[in-house]
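Required output: the full structure, derived from the provided sequences and hints.
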Amino acid sequence: MELLSLFENFLDLDWRMVVMWIIGGALIYLAIKRDMEPTLLLPMGFGAILVNLPFSGAINIFENGELIHEGPLSTLYNAGIANELFPLILFIGIGAMIDFGPLLSNPKLMLFGAAAQFGIFFTLCMASIFFADKDAASIAIIGAADGPTSIVVAQKLKSEYVGPIMVAAYSYMALVPIIQPPVIKLLTTKKERMIRMPYVQREVSKTTKILFPIILTVLAGLIAPDSVALIGFLMFGNLIRECGVLDSLSETAQKVLANLITIFLGITIASQMQYEQFLKVETLLILGLGLVAFIFDTAGGVLFAKFLNLFLKKDKKLNPMIGAAGISAFPMAGRVVHKIALKEDPQNFLLMQATGVNVSGQIASVIAGGMILNFFGK
Amino acid sequence: MKKLIAVFLALLFVFSLTSVAVSAETADTSGSDEPVGFMGNLKYMGLGMFGIFLVIGVVIVITYLLNAITSKKTK
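Residue numbers (the working numbering), protein chains in the order written: chain A, 1 to 378; chain B, 379 to 453.
Treat the hints as calculated values from the structure; they're not laboratory data.
Ideal placement from N, C-alpha and C gives every residue a C-beta, glycine not left out.
Do not rely on the hints blindly, as some may be mistaken.
To spell it out: a stretch of chain A is covered by chain B in this simulated footprint if at least three of its residues, at any positions, have a beta carbon under 8 Å from a beta carbon of chain B; those stretches are [stated by the list, open to error]:
1) 116-123
2) 212-222
3) 357-369
Rendered as structure tokens:
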């Protein structure tokens, strides 16, 4: 009899838990076999399995509305995600990794970063067909292609769909090499994709690199106060990198801090992947809208570049593909564009320009997040 | 001719977004608990994209100024 009691929990197994195990397994497969954002998809996949076991000790358990067990994943969620702390700290690490040099030497590339946020607002309108404003806005921010921004905005807007939004944001970031190329090829001709853009190395002074994050924080903060934490932490990380006197802190932020927070973030996000919250029609809708956001981000950037080309002389034309690099998935989007350019013309090196645009997308996506909070956060 | 058409289309797009924004201004739908539909939040598309380009435009100008000032100092 005591032996039978070991298997009691099998009776509480729900078929939807098994579905979530399969989803978790799929995320783990994508992480390991396909090397798609393994730092996030693997912890998320494993966490999805952890939280979908009967009476899982990893999450809080309630009985008749009373908390009878406090699980570590729920504790971590309340400590770091519900209050947006983990994604903001991760932004310090991301800021420390970014080199704004190529962008500062050619500032007009930032326009493509702005154009590539079109998908956010287009998806806002699409999502408004199915969801109330705050949820629609939280879903739209998937188009920021930036995990911390998506988490912070969704939490601040108190969206009901934080779990699917986070899964969609991180999954689509990993799928950028699959999503972007067909969109780019649909909107450009082979001749356009072969346009060469010679890169001229212009020196950027250390003073500029130090003042840039400070000024940007003040400017963004004055325009959209809700974005101060997002832009501030990103720029703080960058300042640590560029100041030249905090090399050990910069290295810690880029490696140890970023990796530590990524581990906690990945597995804690999974606490929102319990089958009751995740397996809904709305989740499929959100995944679909997330794809729309990424597609229209890419389209917005490419079409903007094509529009500018109408006014440029023949020898000054832009390769419209660099518009696609304005999506904030750094450094993936830049590499995708560079790879397509090389495929069309093995002598066409667009990496520096694409990286500059990719970095500007990071800035623009945070500003977009601030805009969304400004519109819907009241 | 292509340029003229492109400019016309771009202006038409901006004008239509602005007119939707202006006409929707009296009905503040932000924070609505019910779906407001595609057109209901179209104004935020116009405002949002305009806002991002404005901020980025200011950042570009500031960056050019910074580059000009600091390179002068270097000389």
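These are the hints, each one checked on the structure:
For the stretch 116-123 of chain A, the proposed coverage by chain B is satisfied: 5 residues have a C-beta within less than 8 Å of a C-beta in that chain, meeting the threshold of three. Counting residues of the stretch 212-222 of chain A whose C-beta lies closer than 8 Å to any C-beta of chain B gives 5; at least three are required, and the coverage claim holds. Evaluation of the coverage hint for the stretch 357-369 of chain A: fulfilled, as 5 residues show C-beta separations to chain B shorter than 8 Å, against a requirement of three.
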